[in-house]
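Peer 1: What follows is each chain in one-letter form.
Number of protein chains: 2
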Amino acid sequence: MVTCKPYVVGIDCGGTNTVMGIVDSRGKVVAKNAIKTKAYIEFNDFIDAIARSLSELFEQVGGPQMITGIGIGAPNGNYYTGTIEYAPNLPWKGILPLADALYERLGIPVAVTNDANAAAIGEMTYGAARGMRDFIEITLGTGVGSGIVINGELVYGHDGFAGELGHVRIRHNGNRMCGCGMTDHLECYCSATGVARTAREFLATRETPSALRNLVPEEITSKDVFDAAMAGDALAKEIFDFTGRIMGQAFADFVAFSAPEAIILFGGLANAGDLLMKPIVKAMEENLLQIWKGKIKVLPSGLASGDAAVLGASALGWKAKNEN
Amino acid sequence: MVTCKPYVVGIDCGGTNTVMGIVDSRGKVVAKNAIKTKAYIEFNDFIDAIARSLSELFEQVGGPQMITGIGIGAPNGNYYTGTIEYAPNLPWKGILPLADALYERLGIPVAVTNDANAAAIGEMTYGAARGMRDFIEITLGTGVGSGIVINGELVYGHDGFAGELGHVRIRHNGNRMCGCGMTDHLECYCSATGVARTAREFLATRETPSALRNLVPEEITSKDVFDAAMAGDALAKEIFDFTGRIMGQAFADFVAFSAPEAIILFGGLANAGDLLMKPIVKAMEENLLQIWKGKIKVLPSGLASGDAAVLGASALGWKAKNEN
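Chains as they are written, first to last, in our numbering: chain A, 1 to 324; chain B, 325 to 648.
Just chain A, with the same shape it has in the complex (with noise of 0.2 Å):
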C-alpha cells in the first residue's frame, strides 16, 4: 500500500514570532498558526507549545498521517545536526537540539536549516528561481544574509553553516562596527538597520535639503528612508544609491565564486525595487569580470511576503523525510 502524505509543515522561527503553516506540494499554505518565542523561559515548553500548535492545525487536514516532513528556518540552525548554535536573538543559549526534541514529541521527521538558506529552497521550490540550478538568495531584513545553491543543492559547507554573506567585508575603512563583533560588513550597510545608519551619517556629514532631517536621527527606519525617496527626496534617493552601489560591488565578487544563473533579492527592503535595483546593477556590472558582463540576473524574490518565510521552510520539509 502506498502511503500518501500530501502535506509538509513549514516553521520560520523569529526572534519575536514564530510562526508554523501546513503547505501542499503546489505551495499553497493550507493552515496557520503562531506563537510568541520569547513567551517560553525554557526551551522544551517552547517545543510544547510548538507540538500543541501543529497538533491543532493536523486536525485540519486529516491529521499527523497527512505530513511527510516538517521545514524549520531558524537563526543559526543547523543543517547537519538540526540543532540552533548560540543564536544571539533567542532566549535560550547555547546548542538547542531542535529537530530531535520536535521528532520525539510528534514522531515526523524534522529538517532545520538557518532562515535565508530556508528562503533559497523556498525559492527554488516555488519562487522566482524554479528550474535553477544555481543561484545566490540575499535575505535583506534586520540582518542580511544569504543562502547559496550550486548544481541544485543547497550548500551546507564542512560544517553546515556556509552562506554567510552578509559577512564578507566589503570596505576596508573600519568606519561601521558589525554586529559580530568585526567591522565594514556587508550587513553593516545593506540591511534595513544599515540603511537607517547610512542616513544618520548622510544627515550629520551632508548639507543637502531632506525630509528626513524633521525626524528624530535616532528613529529613523528604512522604512523612512524609502517613503521618502519615493516622494521625490533626494537624499534619500542617494542612501539607496549608495547601498544599492556597496551591494552591486559585492555581487560581483559572489559571481566571481560561483557564477550563478541569477542572484535574488528577498525580504523588506527587496520590495523598494528600481531604487535599489537600478544601483545594484549598474555596480554589479562595472565590477564583473567581462565574462560575465550582462550575463547575471538580479531578481526579486517569487515568493508571496506574507507566507514566504514558512513556504522557504516548508519546502525543507519534503526532503526531511529521510533524514531522520
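To be clear, the hints were calculated from the coordinates, so they are not data collected in a lab. Incorrect hints may appear among the rest.
Said to hold, decoys possible - Sample of chain B residues lacking proximity to chain A, with all beta carbon distances greater than 10 Å (derived):
#1 R350
#2 G351
#3 I359
#4 S377
#5 Q384
#6 Y427
#7 L489
#8 T545
#9 D598
#10 A628
As the list claims (entries may be wrong) - Below are the SDA-like pairs computed for lysine to any residue, each with C-alpha atoms no more than 25 Å apart in a straight line:
#11 A:K319 / B:N475
#12 B:K606 / A:K295
#13 B:K619 / A:Y86
#14 A:K295 / B:D483
#15 B:K617 / A:E85
#16 A:K282 / B:G503
#17 A:K295 / B:P412
#18 A:K282 / B:K619
#19 B:K617 / A:P75
#20 B:K617 / A:R133
#21 A:K295 / B:T507
#22 B:K643 / A:R133
To be verified - Residues on chain B that point at chain A, a partial pick, calculated with CB under 8 Å:
#23 D458
#24 N475
#25 V492
#26 Q573
The structure displayed is predicted, hence computed values, not measured ones. Don't be surprised by glycine CBs; every beta carbon is placed ideally from N, CA and C.
Position chain B against the provided structure of chain A, taking the given hints into account.
Peer 2: Chain B in isolation, oriented as in the chain A frame:
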C-alpha cells in the same frame, strides 16, 4: 569482456609550454613530453602537435587503447563546452574547440577545465585534499586562480567559469590596476607579480634598509623577495607579511561563502612556508566569524611540484570517459 584502461593523460596547457603526461591510477606520471605553445601560429597545428606527441607516449604504455581519458587544464578552459574562450595569454584568439579537436584526432574522450580547477581536482585525487568534500584550492602564480570543491564536486557554476577568486575586490582605494582592467583585485597583491609590485612600492615609500635596494626595481621578482626574506631582510619580510595579511582577510570572506574544511595553496609562492602561512592564518583568524575560528585549515599543496599541473589535469581524465 571488461576492457581495462589503466591510464589517463594529463595536459597542462600554459602560455609558454604545453606539458603532457601519462598517469596511472595512483598518480604516478609514467611518461611525459612537452611542446612549445607559441611555436604554432595556427590552433590546428598546435592540436596536431599534441596528437603526435601523445601518440609517441602511448607506444610506451601499450597503445592508445590503454587510455581511459584525457584531461586538460588550460587558461579560460570551459568544462561544459570543452573550449578555451578568449585566453589572453595564448597565441590563438576567440573560442577554441579544444576537446572536440583532440577527440577527432585520437578518438579518446577529452575533458577540459581551467588550470586552477585542474589543480583542485588533482589535489582531491592525489594530494592534500584526499578525503575532503569541501575545500578551496588557491593557485599562486603569475596570477591568482582558484578551484572550489563543494560536496565532493568541483564548482563550475551556471556557465562553467566559477571560481575566479583572484578577481574579488579586496581594497577600495584604486591603487592597483589588475590585468583584467579593474582595480584592487586579490591577484594584484597576492600573485608573484603582485609581490614584486609590493616590493617596488615599499622600496619607494619606506626608508627601511634592504638588500632589495641593490636590485633594479623593475627587475625584482617574488623569488628575489623570498631569498631576501629567508636571509633575514626586514623589508622583504614585511612584504610577505603584507601579502599574507591581504590573503588571510580574503580567505575569511571565502570561508563565509562555502565553509570549507581547508584552503589549500598551490604554486610557486605556496612554497614560501611560514613566511606566508603565518600572516595568512593570523589575518584569516582575526577576520573569521566566531563559529569558524580555529576550525579552518590552511595547507600547502600535497602535489609533487614538478608534475602537479599534469597530475591535476590528468585527474579530470578519469571522469572524461562519460563526457563524449
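Peer 1: Could you run down the list of hints and mark each one as holding or not?
Peer 2: Each hint, compared with the structure:
Every Cβ of chain A is farther than 10 Å from the Cβ of B:R350; the closest lies at roughly 27 Å, confirming the non-interface assignment. Listed as a non-interface residue, B:G351 keeps its Cβ farther than 10 Å from every Cβ of chain A; the least gap is roughly 24 Å. Distance check on B:I359: its Cβ is at least 27 Å (rounded) from any Cβ of chain A, clearing the 10 Å threshold; non-interface status holds. B:S377, annotated as away from the interface, keeps every beta carbon of chain A farther than 10 Å; the closest lies near 30 Å.
Here B:Q384 stays apart from chain A, with its beta-carbon at least about 38 Å from theirs, past the 10 Å limit. Residue-level check passed: B:Y427 sits 24 Å from the nearest beta carbon of chain A, beyond 10 Å. Listed as outside the interface, B:L489 is inconsistent with that label: its C-beta sits roughly 6 Å from the nearest C-beta of chain A, within the 10 Å cut-off. Consistency note on B:T545: stated as away from chain A, and its beta-carbon is indeed over 10 Å from all of that chain's, at 26 Å minimum.
The claim that B:D598 is not at the interface with chain A holds, since no C-beta of that chain comes within 10 Å of its own (minimum 25 Å). The claim that B:A628 lies off the interface holds: its Cβ sits roughly 26 Å from the closest Cβ of chain A, which is beyond the 10 Å cut-off. Pair hint A:K319 plus B:N475 holds up; C-alpha atoms about 17 Å apart against a cutoff of 25 Å. Distance check on the hinted pair: B:K606 and A:K295 sit about 37 Å apart at the alpha-carbon level, beyond 25 Å; violated.
With a CA separation close to 17 Å, the supplied pair B:K619 and A:Y86 stays within the 25 Å bound. Distance hint between A:K295 and B:D483 is fulfilled; the C-alpha atoms sit about 10 Å from each other, no more than 25 Å. For the suggested pair B:K617 and A:E85, the alpha carbons sit about 15 Å apart, so the restraint of at most 25 Å is met. For the given pair, A:K282 sits about 22 Å from B:G503 by alpha-carbon distance, which is consistent with the 25 Å threshold.
Restraint check for A:K295 and B:P412: the C-alpha separation of about 21 Å stays at or below 25 Å, so the hint holds. For the given pair, A:K282 sits about 37 Å from B:K619 by alpha-carbon distance, which is inconsistent with the 25 Å threshold. For the proposed pair B:K617 and A:P75, the alpha carbon gap of about 19 Å is at most 25 Å, so the pair holds. A threshold of 25 Å between alpha carbons decides the hint, and for B:K617 with A:R133 the separation of about 31 Å lies outside it, so the pair is violated.
Distance hint between A:K295 and B:T507 is fulfilled; the C-alpha atoms sit about 21 Å from each other, no more than 25 Å. Straight-line distance between C-alpha atoms of B:K643 and A:R133 comes to about 21 Å, which keeps the hinted pair within the 25 Å bound. For B:D458, the shortest C-beta to C-beta distance to chain A is roughly 4 Å, which falls under 8 Å, so the interface hint holds. For B:N475, the interface hint holds, since its Cβ comes within 8 Å of a Cβ in chain A; the closest pair sits about 7 Å apart.
At its closest, the beta carbon of B:V492 sits 4 Å from a beta carbon of chain A; the interface hint therefore holds under the 8 Å criterion. Checking B:Q573 against chain A: minimum C-beta separation of about 7 Å stays under 8 Å; hint holds.
Checked against the numbered hints above, the structure violates hints 7, 12, 18 and 20; every other hint is satisfied.
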